Amino acid sequence: MNYLYKNTGGTNDKKSFAVIKLILLVALGTLFQFQSEAAGHEVLKPSIKASAVSTVVEGVVKDSTGATLPGVSVLLKGTKIGTVTDINGKYKLTIPDGTGKLVFSYLGYINTEIDINNRTKIDLVLKEESRALNEVVVIGYGTVKKRDLTGAVASVSGKDIAAVPVPNIAQAMQGKLPGVAINSQDGRPGGNINILIRGGTSITSGNQPLILIDGIPGNLNDIPGDQVESVDVLKDASSEAIYGSRGANGVILVTTKSGKAGKPMVSYNGYVKINTPAKYLQQLDPYDYLTYVWANAAANATAYQTPFEILYGLGANSGKNTGGIESYRNLPTYDMQRQVYKQSVSWNHALTISGGTEQTKVLFSATYSDDEGMKIQSYQRRATAAFKLSHKISNNITFDLNTRYANTPTLDDESTTSGSGSILSSAYRFRPIATSDILGDLTALTASNNISQYGKNALWDNYSAAARAADYDPLSLSSNFVGVASLNWLIIKGLTYHTDFNMNGSWSQRKYWSGATYNGFINDATGAVLYAGNVDYRKNDSWGLRWANTLAYEFNIDRDSHFNILAGTEVSNSGGTGISIQANHFPSNFNEQTAFAQINQYDPVAGTATFSSSVSYPDRLESYFGRLLYSYKDKYLFTATFRADASSKFTEGNRWGYFPAAAFAWRVSQESFMKNVSWVDDFKLRVSYGAVGNNNIAAGAYAQTWGAVTDPRSQYDINHTLLPAYQLSTPSTLANPNLKWETTITRDAGTDFSLFHGKLSGSVDLYWNTTRDLLLITTIPPITGFNNTLANVGQTSNRGIEIAVSAPIYRDKDWKINVGGNINFNRNKVDQLSNNVNPLYGAAWAGSAQYPASDYILIAGQPVGLVRGLTYIGTYTPADFNYNNGLYTLKTGVPDVSSAIAGVMHGLVTGTDRPTGQNAYPGMAKYADLNGDGKIDDNDLSVIGNTTPKFTGGFNFNVNYKNFDLGLNFNYSVGNDIYNANKLAGLYGAKEGGVYENKLAILDNAYKIYDVENGQLVRLRTPDQLNAANTGATLPLAYSETAVTSTLGIEKGTFLRLNTATIGYTLPKILSSKIGIGSLRIYGSVYNLLTLTSYSGLDPEVSVNDNANSSTYPTRGLDFGAYPRARSFVMGVNLNF
Amino acid sequence: MKTYKKYIAAIALCLAFTDCSKNYLNVTSPSNVDDNFVTSTTTETFKSLSWCYANYRQNCIMSSYRWNDPVGSDAEYYPESGSTNNLNAQLHTDLLPVDYATPGFTALYQTLALASRLANIIATKPAYIADAAAGKTSDWTQLYGEATTMWAFCYFELIQHFGDVPYGYENTVVTNYALSSRFDIYDNLISALQKAEPLMYPIGTGNIGADRMSRSFCDALIGELALFSGGYQTIRTDMPALYGSVTFTQKSNVANGCVYARRTDYLKYYAIAKTWFLNAISNAGTAHLITVDTRTTSNNPFQRHFQYFHDLQVSPESLLEIGNIQGGTLTTTSEYPYAFGRPSDGGSSNAAPCKTFDALRIIPTVYYGEYDKADHRRDASATVTASNGDGNEKMVTFVPGSKSAGGIATNKWDENRMSPPYVAAQRNSGMNWHILRMADVILMLAEVKAELGDGDAITYLNQVRARAFGNVNHNLAVSGQALKDAIYEERKLELLGEGQRRWDMIRSGTFSTRAIAVQQDMAALVADLKAQGYHTFANGNVMSNYIWIKKVALTNPLTYDCASTDTLTNFAAYPAWRGQYNYSTLAAVSAKVVGTTHNVAIQGLFTYIDPAGPVAASLVAAGYTKTNWGIDLVNNYTVYQQNILSGILTASDPPRYYYALPSVIISTSNGKITNGYGLPQQ
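These protein sequence lines map, in sequence, to chains A and B. Going by my numbering, 940 is the number at position 940 of the first sequence; the sequence numbering is gapless. Going by my numbering, 145 is the number at position 145 of the second sequence; the sequence numbering is gapless.
Take these hints with a grain of salt, some might be off.
Claimed, not checked - Simulated DEER-style distance windows between Cβ atoms:
1) G505/A - D34/B: 25 to 33 Å
2) T124/B - G505/A: 40 to 48 Å
3) N36/B - A698/A: 17 to 25 Å
4) N670/B - N1027/A: 53 to 61 Å
5) F364/A - A587/B: 56 to 64 Å
6) N475/B - G527/A: 53 to 61 Å
7) P915/A - A241/B: 37 to 45 Å
8) A617/B - Q282/A: 51 to 59 Å
9) Q282/A - Q532/B: 51 to 59 Å
10) P915/A - G613/B: 36 to 44 Å
11) G932/A - L649/B: 25 to 33 Å
12) T357/A - D34/B: 54 to 62 Å
13) Q282/A - Q682/B: 39 to 47 Å
14) A587/B - V1133/A: 58 to 66 Å
Unchecked claim - Straight line, CA to CA, 20 Å or less: simulated SDA-like cross-link-like pairs of lysine to any residue:
15) K121/A - T68/A
16) K1052/A - I873/A
17) K125/B - V33/B
18) K991/A - S348/B
19) K392/A - A261/A
20) K530/B - T912/A
21) K530/B - G911/A
22) K1008/A - A879/A
23) K626/B - A303/A
24) K759/A - W815/A
25) K991/A - N85/B
26) K935/A - S83/B
27) K935/A - P915/A
28) K672/B - T779/A
29) K551/B - A447/A
30) K80/A - I114/A
31) K935/A - T871/A
32) K394/B - T302/A
33) K935/A - L96/B
34) K991/A - S83/B
35) K550/B - P614/B
36) K1052/A - Y1095/A
37) K394/B - A447/A
38) K394/B - A303/A
39) K373/B - G470/B
40) K484/B - V518/B
Just so you know, these hints were derived from the structure itself, not from any lab. Please read all numbers here as calculations on a predicted model, not as lab measurements. For glycine and all other residues, C-beta sits at the position ideal for the given N, C-alpha and C.
Assemble the whole structure, with the sequences as input and the hints as a guide.
Structure follows, in structure tokens:
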């Protein structure tokens, strides 16, 4: 017996032989070889026993760097005689008769055939495959090879996405796609992701791209990274127009993995993640807090000051704390923030089983992730299941079934309130002194005084941010089901009919519970719970149906002309229903569970209940589309698309929108004159032009209809009984029957290139998108009974350059180093504003206390997101005044601030400290008198911040060393301003509840009109006293009840973030196969490892909510009430069987 | 051939799946219904009108102007120092940003637009047409009248607060509009209401209470529209064509493009007003002046009207009340009693009682100097004590501020007087407040009759006085100018804190003179307090720099009318109508109640006690504490100077009490509209 094992062609033999062959080829290629014997039998023999009568060919295979390549498959063409190169790239193969061709193949390199021609030594340099160009790119209703693309499409592979262990795949896409700005909200579990492709087109009618998961509109958060095969982003009309009405803001196509024929594959990916807050806000330490709040309390009233002194043992009320304020000097800070949010642990498990035959392929995938929030009482837990089936019914008909289900409970709702932000973001305002460290009289907390009246949130442990957050359960439950059944029928060669029918359903519940502490239902004197809490219970169901049919015909006229024609129709429909119940004041014996289970048991005397139901407006679309792809000699590529959409959102005459687009690409590298330019592998120029539409407005906006009132404030009460009421469905918006499509014209010129044998590849795009007939809220005079109407007015544009490159900069047998990056310059501009558009709008973060009420402005010729405010130039100082016995009278020529800006200033008595009619006083903020009229008022407001970045992008390094891999992904944003409202919120003095709150540490540098001298609080009055106490003051007195937007709140938002750093180790196959597994990789990863920025807030990525307080237009760049971002440490494993 | 069939099959499939029906894209939702649905029955129609009332309550009245109406007079002021809340009340409207009153402006038009939309829909209903043709009052004709009254009422409020405004542009897209003369608008409103009024229900019939707009209210509103059209007001001089052929008698200089004037044919309008005030009384239905108090605790029919609010009942004296609900989940439904009620330093929830801001204070010279001692209205209208939030009464102070600071407070709304008080949260007590009550109508009738020279004007005045004093001994017998003055003075005392005084001052043509007069009264008071520690008023009352107070316990800590002897013997019961609800009996807050001596006994409030004298010493010995009173006023006088009509500097300037029209009205008017009265344009 001269062989080890023989494949006799029997079924079992075939299979097991194939497996053994694979293992041995890979692991022990030089020791064994396979030979075909008669009648399809194959044998495995030790190579030393090779037949001596044949020619032996040997050689070394190297790559273009000269490094030897181990593991290259070498096969005698047309036979099963083959081997693989050894660790030194060497191979040796016995050729029966010395002729034939050797085929060298290796993943990532171009397959190369060499004629043996009786040679015995054949060395070879394998050329690297320019992978990018052969990748298949998903475009609408089909795929195309990247080399044949005529439009601007950016792609990222599923592998790259899976390498970043984050719950939402959009985060993994951050910085990797040129022209796609991805902004993640903040650190909350299930946080929103804001995606802007080429700057976004619309102002109010949505800027988010169309997200299609396997062709079906969906949510990126429902797709675990493991299930992603690839993500392709369509950026210009030539690719988007096939989606017509929905493509205006770009299209993100997510393709999920499918089953493959072959032996069953089982893979498991899992990780554990430790989230730590990347930053806490810096607050005043105990001593500075006491100094500040003591003075602030005194400025408000003695009724605030005295209980504060008694509590801490200060000044005249030091009591048994004989040391007074000095006793607190070196006390450690008691940081409430650290109780409200802290380290948390998240888990993720993903299991995929796939397999099948050529006939039937299946994939099943199940994932579970438990993302614990850093805030106490917060999490997102997601379970998903997906099942995909592809079955060949006959030779030319394939049936596909694709179903997905996701169930996501989320416990989190960081709603913000005026002036303070969220409970979390204002946690620093709690006293920085632990109860056990308070040296005065603790009964001052509960005595009848201004502390028990107003200071509970700032001073009482029972009402601290942590206590309130713990007493609030904002639970949202959502389930989604998506199912697609499709049929592909190859009618004749080249002609394919495809139909797919899609159904989706989603079921969501909102079960918000707020308890007794959160609602103040506690008798503070006895601690008795008066009422258990309040319930907000809503259920919404929605469904969608979609049916698309396409007919595609691919044919050649002659050898050079290749056509691909597609025509199709699509209809879609959607609807839903909702029910909502709010009941409050549940009896004290209730808890969350019993209250939800018996919602009508609220206390009807103290509380109220409201309930309502709704049926959503159907949203229907009827579409026809077609596409022609024509390529000539593989050199000239031409695409034309056309789509006609009719939307139920418009009245009959305005329903149809027509969206044509065309593109042309020239593969210059295919030209004969380029034959000798060896350093160019591939070079393509392309241009495109086309139109896409947007109908992202509420359904039914063209008709003035009525709906049931759900807010008791809009219902009248007769005999003290609430009456049901109707109101107009849009009480302040006049219906406009003339609404029509918003249209975006995109123009793109770009190039895709691969140079120096794949050493440098990438693309450069120039684009200019213009959106006209903007569906914009326009102001109409309120004398109509309405404030606004939706109309097609105005125009915006985005112009930009995108550059993306990737380069394998070094490679040898052990090392592989790849670098890639992109940079995007986008210039967003409002081209025209109609006269009816009121350009002023506000974020209202401080509610009615804010000045100016409109802190944002739209200006024609400028980008969206301009902040409007005053220019801070320092504080008034005694030198600005004539001083007379306490009274500071402004010198002539020094402008006064208007009373609207100065607001109610605590601690100043008009007539004693400043003359009647004058607002200024030393320490108050001084703003630039821009119009030079000698006073500071509304006329001195100007644009003080531009929140649009000059450029953004990302770059990454990937290093492989033997079995180790390292990946670093960076993203950055340059030149944008951030509107740090959180900081400004600390610079004004809310009354009552605000008096006892701690402040940000920057208030250390605020102007003082009180000081502590010999343990007593002293009001500084003379210029000498004020000057002496304020030599280093940079910030104004924070005693005004008015929150002013000024340059003090505008900061540079430039940042560079090392978004993810991953290091992995893959077990050598030889080892993993020994323990019975296909492959095993373990990795560690750090998310948000490093952020370089000068921004003083929690994080420079802000404001994913573009419409703070339902502002009319986007409030970009606003930082208010943010949830701190995590720095996460991940340990994970990828396992394949 | 086979291939050909396949082609056909494929194309047929594609086409078959496409629904070309137009109906597919015609969509509706049963949650979004049309005009017909919401007016299918009278009950359904009222549900739409329900929104108008609610919108008036939530977004019109309290959003901006209502804050200033009651505090911008010679009887009332706003208590805080340096606030911009009362710049209008001070007559410093030019210092307000242009869009200060935009929310109120917008909400009024929003309300009137919906009301007029409803009136138009109702007018096409066959049932309405039939009833109207037959002259039959039915639910449909009531609803038509109610919607029309709501529409007119909102325009009336717009004219009062903004002067001449655009008229008649509701529910359309407007590109071209201009200001209408207020006098034309008044004429239109009067004629529209006269048409609708005959087929409305008077109060008490057709299930219409005073918390809806009735025929009774509509009649009075027509009277008011005529009266305000005929009365003095500040009109624009910068738009010569605005008022057409109407001519005016001027009362002031022309300044800031405006003048204080009244139309020369004003008597014609006073005559209309007279007719309709008389109609309001004869069509009052069950509404009437409350002259009998059957309570065991007190005999004060004037206060009885306000007690109905506290008892969560509709007062029979009201012609129109704004309806409220207690314990609403959302704030501001009871904003009025919070903003204008008896002050409380309580916390925002679960306090005894909860916080009451009280933005409305009574000028001390009015409190001390203008009420007769026998007048039962003073103590029911104003108070010198507040609530501490822990079941205890406390003195107010003259230190500027809100709650217990800020000066003598209003007393017409006081959560202590509810049974039981709503202690769960501030601004949620659910008390109603009235828009118009019978005493007001009677006094307006007296006013027009006096102007028209009718001999019986005095009887209407005395009807109100007799109720206030509980007898006819204080009836007046005056005529001519003295009668007119007496009627305005009576309105001041009767309607104190109800938001009427400012309009009386304007209408009477005496705004600036009266403003200067009260400033002088205050100056005299402060000068005396400064110089001698007290000031003596003409009626014998004395206000001093200090008072002496002591915490005492009353069996029932809430006080009512006091026996006349109490003024001498029970210092905790005089002034009357104060004290505290007995919160120990309320489980929710009983633990908050501090101590047992909940009442404040006050000495020296109306007489002078020499701080250095023996009386003071004996009071201290008896446990009284010397407490700042007028001295705080002296020390903060500049704030009072600012807050009390400081925008009026001379008696000859036109008062500028209007708010600016919103900037959007100006910017989208193609240059046709500018703000007058020297108000900002942008």
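Here's how the hints hold up against the structure:
1. G505/A - D34/B: 25 to 33 Å: holds (29 Å)
2. T124/B - G505/A: 40 to 48 Å: With a Cβ separation near 43 Å, T124/B and G505/A satisfy 40 to 48 Å, so the hint holds.
3. N36/B - A698/A: 17 to 25 Å: Since N36/B and A698/A have Cβ atoms about 22 Å apart, the given range 17 to 25 Å holds.
4. N670/B - N1027/A: 53 to 61 Å: holds (55 Å)
5. F364/A - A587/B: 56 to 64 Å: holds (60 Å)
6. N475/B - G527/A: 53 to 61 Å: Check passed, 59 Å falls within 53 to 61 Å.
7. P915/A - A241/B: 37 to 45 Å: This hint holds: roughly 43 Å between Cβ atoms.
8. A617/B - Q282/A: 51 to 59 Å: Given a distance of about 57 Å, which is inside 51 to 59 Å, the answer is holds.
9. Q282/A - Q532/B: 51 to 59 Å: holds (57 Å)
10. P915/A - G613/B: 36 to 44 Å: holds (38 Å)
11. G932/A - L649/B: 25 to 33 Å: Since the Cβ atoms of G932/A and L649/B sit about 28 Å apart, the hinted range of 25 to 33 Å holds.
12. T357/A - D34/B: 54 to 62 Å: 59 Å Cβ-Cβ, so the 54 to 62 Å window holds.
13. Q282/A - Q682/B: 39 to 47 Å: Since Q282/A and Q682/B have Cβ atoms about 40 Å apart, the given range 39 to 47 Å holds.
14. A587/B - V1133/A: 58 to 66 Å: Given a distance of about 60 Å, which is inside 58 to 66 Å, the answer is holds.
15. K121/A - T68/A: holds (16 Å)
16. K1052/A - I873/A: Cα-Cα ~18 Å, so holds.
17. K125/B - V33/B: holds (18 Å)
18. K991/A - S348/B: With a Cα-Cα distance of about 13 Å, the restraint between K991/A and S348/B holds, given a limit of 20 Å.
19. K392/A - A261/A: holds (12 Å)
20. K530/B - T912/A: Given pair K530/B, T912/A holds - Cα atoms ~17 Å apart, limit 20 Å.
21. K530/B - G911/A: holds (16 Å)
22. K1008/A - A879/A: holds (16 Å)
23. K626/B - A303/A: holds (18 Å)
24. K759/A - W815/A: Holds - the C-alpha atoms of W815/A and K759/A are around 15 Å apart, at most 20 Å.
25. K991/A - N85/B: holds (15 Å)
26. K935/A - S83/B: Cα-Cα ~19 Å, so holds.
27. K935/A - P915/A: holds (16 Å)
28. K672/B - T779/A: At roughly 18 Å apart (the allowed maximum being 20 Å), T779/A and K672/B satisfy the hint.
29. K551/B - A447/A: Given that 20 Å is the threshold and the Cα spacing comes to 18 Å, the pair holds.
30. K80/A - I114/A: holds (16 Å)
31. K935/A - T871/A: Roughly 13 Å separates the two Cα atoms, so the pair holds.
32. K394/B - T302/A: Holds, at about 16 Å.
33. K935/A - L96/B: holds (15 Å)
34. K991/A - S83/B: holds (13 Å)
35. K550/B - P614/B: holds (17 Å)
36. K1052/A - Y1095/A: At roughly 6 Å apart (the allowed maximum being 20 Å), Y1095/A and K1052/A satisfy the hint.
37. K394/B - A447/A: holds (16 Å)
38. K394/B - A303/A: holds (14 Å)
39. K373/B - G470/B: holds (13 Å)
40. K484/B - V518/B: Since the Cα atoms of K484/B and V518/B sit roughly 19 Å apart, the hinted pair holds (cutoff 20 Å).
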